[in-house]
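Engineer: These are the residues of each chain, in order.
Protein chains: 2
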Amino acid sequence: MALVNEHFLKLPNNYLFADIAKKVNAFKVMQPKAEIISLGIGDVTQPLAPVVIEAMHKAVDEMSVQASFRGYGPEQGYDFLRQAILDNDFLPRGIHLDIDEIFINDGAKSDTGNIQELIRWDNSIGVTDPIYPVYIDSNVMIGRAGVVEDGKWSNVLYMPCTAENNFTPQIPEHRVDVVYLCYPNNPTGTVISKQELRKWVNYALKNDSIIFYDAAYQAFITDPSVPHSIYEIRGARKCAIEFHSFSKTAGFTGVRCGYTVVPKELTAATIGGERIELNRLWNRRQCTKFNGTSYISQRAAEAIYTPDGKKQIQQTIDYYMQNAKLMLSTFRKLGFEVYGGENAPYIWLKTTNGNSWKFFEELLYGANVVCTPGVGFGPSGEGYVRFTAFGSHEKTQEALQRIEKWSV
Amino acid sequence: MALVNEHFLKLPNNYLFADIAKKVNAFKVMQPKAEIISLGIGDVTQPLAPVVIEAMHKAVDEMSVQASFRGYGPEQGYDFLRQAILDNDFLPRGIHLDIDEIFINDGAKSDTGNIQELIRWDNSIGVTDPIYPVYIDSNVMIGRAGVVEDGKWSNVLYMPCTAENNFTPQIPEHRVDVVYLCYPNNPTGTVISKQELRKWVNYALKNDSIIFYDAAYQAFITDPSVPHSIYEIRGARKCAIEFHSFSKTAGFTGVRCGYTVVPKELTAATIGGERIELNRLWNRRQCTKFNGTSYISQRAAEAIYTPDGKKQIQQTIDYYMQNAKLMLSTFRKLGFEVYGGENAPYIWLKTTNGNSWKFFEELLYGANVVCTPGVGFGPSGEGYVRFTAFGSHEKTQEALQRIEKWSV
Numbered sequence: 020m021a022l023v024n025e026h027f028l029k030l031p032n033n034y035l036f037a038d039i040a041k042k043v044n045a046f047k048v049m050q051p052k053a054e055i056i057s058l059g060i061g062d063v064t065q066p067l068a069p070v071v072i073e074a075m076h077k078a079v080d081e082m083s084v085q086a087s088f089r090g091y092g093p094e095q096g097y098d099f100l101r102q103a104i105l106d107n108d109f110l111p112r113g114i115h116l117d118i119d120e121i122f123i124n125d126g127a128k129s130d131t132g133n134i135q136e137l138i139r140w141d142n143s144i145g146v147t148d149p150i151y152p153v154y155i156d157s158n159v160m161i162g163r164a165g166v167v168e169d170g171k172w173s174n175v176l177y178m179p180c181t182a183e184n185n186f187t188p189q190i191p192e193h194r195v196d197v198v199y200l201c202y203p204n205n206p207t208g209t210v211i212s213k214q215e216l217r218k219w220v221n222y223a224l225k226n227d228s229i230i231f232y233d234a235a236y237q238a239f240i241t242d243p244s245v246p247h248s249i250y251e252i253r254g255a256r257k258c259a260i261e262f263h264s265f266s267k268t269a270g271f272t273g274v275r276c277g278y279t280v281v282p283k284e285l286t287a288a289t290i291g292g293e294r295i296e297l298n299r300l301w302n303r304r305q306c307t308k309f310n311g312t313s314y315i316s317q318r319a320a321e322a323i324y325t326p327d328g329k330k331q332i333q334q335t336i337d338y339y340m341q342n343a344k345l346m347l348s349t350f351r352k353l354g355f356e357v358y359g360g361e362n363a364p365y366i367w368l369k370t371t372n373g374n375s376w377k378f379f380e381e382l383l384y385g386a387n388v389v390c391t392p393g394v395g396f397g398p399s400g401e402g403y404v405r406f407t408a409f410g411s412h413e414k415t416q417e418a419l420q421r422i423e424k425w426s427v
Numbered sequence: 020m021a022l023v024n025e026h027f028l029k030l031p032n033n034y035l036f037a038d039i040a041k042k043v044n045a046f047k048v049m050q051p052k053a054e055i056i057s058l059g060i061g062d063v064t065q066p067l068a069p070v071v072i073e074a075m076h077k078a079v080d081e082m083s084v085q086a087s088f089r090g091y092g093p094e095q096g097y098d099f100l101r102q103a104i105l106d107n108d109f110l111p112r113g114i115h116l117d118i119d120e121i122f123i124n125d126g127a128k129s130d131t132g133n134i135q136e137l138i139r140w141d142n143s144i145g146v147t148d149p150i151y152p153v154y155i156d157s158n159v160m161i162g163r164a165g166v167v168e169d170g171k172w173s174n175v176l177y178m179p180c181t182a183e184n185n186f187t188p189q190i191p192e193h194r195v196d197v198v199y200l201c202y203p204n205n206p207t208g209t210v211i212s213k214q215e216l217r218k219w220v221n222y223a224l225k226n227d228s229i230i231f232y233d234a235a236y237q238a239f240i241t242d243p244s245v246p247h248s249i250y251e252i253r254g255a256r257k258c259a260i261e262f263h264s265f266s267k268t269a270g271f272t273g274v275r276c277g278y279t280v281v282p283k284e285l286t287a288a289t290i291g292g293e294r295i296e297l298n299r300l301w302n303r304r305q306c307t308k309f310n311g312t313s314y315i316s317q318r319a320a321e322a323i324y325t326p327d328g329k330k331q332i333q334q335t336i337d338y339y340m341q342n343a344k345l346m347l348s349t350f351r352k353l354g355f356e357v358y359g360g361e362n363a364p365y366i367w368l369k370t371t372n373g374n375s376w377k378f379f380e381e382l383l384y385g386a387n388v389v390c391t392p393g394v395g396f397g398p399s400g401e402g403y404v405r406f407t408a409f410g411s412h413e414k415t416q417e418a419l420q421r422i423e424k425w426s427v
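Those protein sequence lines, which keep their order, are chains A and B. Positions 20 to 427 (the working numbering) are the ones given, in order, by the first sequence. Positions 20 to 427 (the working numbering) are the ones given, in order, by the second sequence.
It is possible that part of the hints are untrue.
All copies of an identical chain are treated as equivalent in the list; a pair is satisfied when it fits inside any one copy or across any two copies.
[Unchecked claim] In silico BS3-like cross-links for lysine-lysine, where the CA-CA straight-line distance does not exceed 25 Å:
| hint | residue 1 | residue 2 |
| --- | --- | --- |
| 1 | K42 | K29 |
| 2 | K352 | K171 |
| 3 | K257 | K29 |
| 4 | K42 | K424 |
| 5 | K29 | K171 |
| 6 | K225 | K257 |
| 7 | K369 | K41 |
| 8 | K344 | K414 |
| 9 | K424 | K377 |
| 10 | K225 | K369 |
| 11 | K283 | K29 |
| 12 | K52 | K369 |
| 13 | K377 | K41 |
| 14 | K283 | K41 |
| 15 | K424 | K344 |
| 16 | K42 | K330 |
| 17 | K225 | K414 |
| 18 | K329 | K41 |
| 19 | K377 | K42 |
Bear in mind the hints are in silico, worked out from the structure with no lab data behind them. Nothing here was measured: the structure is a model prediction, and the numbers come from that model.
Bound-form chain A, shown alone:
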């Protein structure tokens, strides 16, 4: 008799963005004429850069002729893209990686979800709280997260990040096998300094822990002192896997391309004490369960590393960051406590009533603007909401005007 993987059943039935959609729909039924502006889901709105469009047309044309047709590509991605990544995202920061340490994927979500397959099912995990739900949910599905007790998973260490500790998670006093870090952070929009990140690397090296470092929003960093990659820290290659995405960097949420760095120096132990290279294991995982990313998407990603490509994607990033700036100044003018938004496309707002969902509903009914309740990202998100800067200028400005009118 086929039995179900019962770990799946431990997951809560409600899912953050589905719950939001439900509440928005309920509102629409009551006020069908209201024009809602969503600053909720972190999806981009601006079209792809001209160099990307051009590269994709060219790739499509190649596929129409036998001489240039491409079938299966390497599961790890094409070298033209892996090399462009090395040359542009790492070498200029003094990080020397090998091409075999870069794995192209169809977006960071897949790999941040799948990476836990490499470690033992009963390893403990730690997450900053609030956090992107995929980290925990993917561990729940295999049983690694344990069971829910008082709204928290029993085998997960939650490291609160709130205004009270200036969004700086405390390094655990005991050993945690695997730690998920995301900087610039989704959802809080806050960043980590090199000094703080160094503490984490040292912690991992000392405890033989692994850091899964999600750098999906690194392109939004404006402060030159903020690290773009954990490999800017000495020793990180021995303890960290890093995830990158073109989704927000270049508007690829519909194109699907990103990459993961698994350094060859990184090992994990067997019960018997043998050290195993995770690079080799991840390669095996990808070759078995993945067949490479669309050739057209890979050519699209390559194009953003050309001189024109860099300029064009920077323009769009600047466009979004202008939204963030306006949001920060408006919210502050209105007396709200707000965080993030300077090196990340997210604004984290501390609600006055201390209740994420209540604020969400008040804002929806009062200003017809959708935000994301912070508690949906974890217990320490209660009392906050997230706004994204990915809207158009027009919609963002209008949303802010409505909020101003509503809050006064």
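Starting from the known structure of chain A, arrange chain B on it as the hints suggest.
Structural biologist: Okay, now just chain B, sitting in the frame of chain A:
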């Protein structure tokens, strides 16, 4: 201390196609001027259909303008493609599926590898032997396959398919929780009749087993009595998940798109006896670990269901099947025992010496033609080799002429 998932270490270090590449490279070093023709790896060679190229250009253009730009799509795929699949792949065969039962993916390999996440880690599995290695390897990685004993995995039931039993696997006498079937079969190129498939569905219903049915090659079926989908069999919705791919159907090995059918009627039990819908679980899995397939690839797939698209992809399928026909007749003329090739793009040849790798090397050195050693697909593949019909006519003809010269 982070511990490695030691199940990965049980996998053999050698990987079929890597081993082949190694041997081919060794040959090239010795005979650098020899021109090798590969009929080994099952990758397509003909360019994409004009309708597909047109649809992709159009989709790329949409992404260049804000009004038509698409960000995140549904994790389950766009309804335009799901509906086209329902209307063309199922309705004409009298199969009524719900749109929510179709999950678009980035190729069948991902889903055939990931689907085992839904079932308990200690469920037993059965495979026809020889078989596509992903089915077993993905189960090895989570520990479900057990350990290797005499070249076989201890928790896997192997159902031999050889010339001796006319490539018809015997229905197991005891209960197996999950059975992987692939028809038309990779690697043997053989098919299953409705009558035989009905036995499997009845077996699964009786034993409360689940069938993972890989139909990736269904477009190559020419015999009208051969089933294209397991859902042509009554009761299959209660016990089967089906995998489809556009990789071979429409030359999408580099475009990356396929789909999986998870009927709502299909349930698996908890230890406590509760029945759980796998459709809901797979949806949760995909929403957590997958972010949808490239919009451009989905528009490409949609185009093959237009009247022109159907004609164009059929022309390419016919092109490959002409290769298969010529291969079958040539091999038979030369006195080889060959199977498959009539409803599938693979020819399964029984070697005269009974040794897959020995034949592989003799053919490589004697005719400079690459085939795939059958033993690489499982113990019952020993003594066979696989040829693919995916080459160009010119290369295929030349390879056959060389084989003729070499074998006489």
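Engineer: For which of the previously enumerated hints does the structure constitute a violation, in increasing order of number?
Structural biologist: 2, 10, 12, 16, 17 and 18
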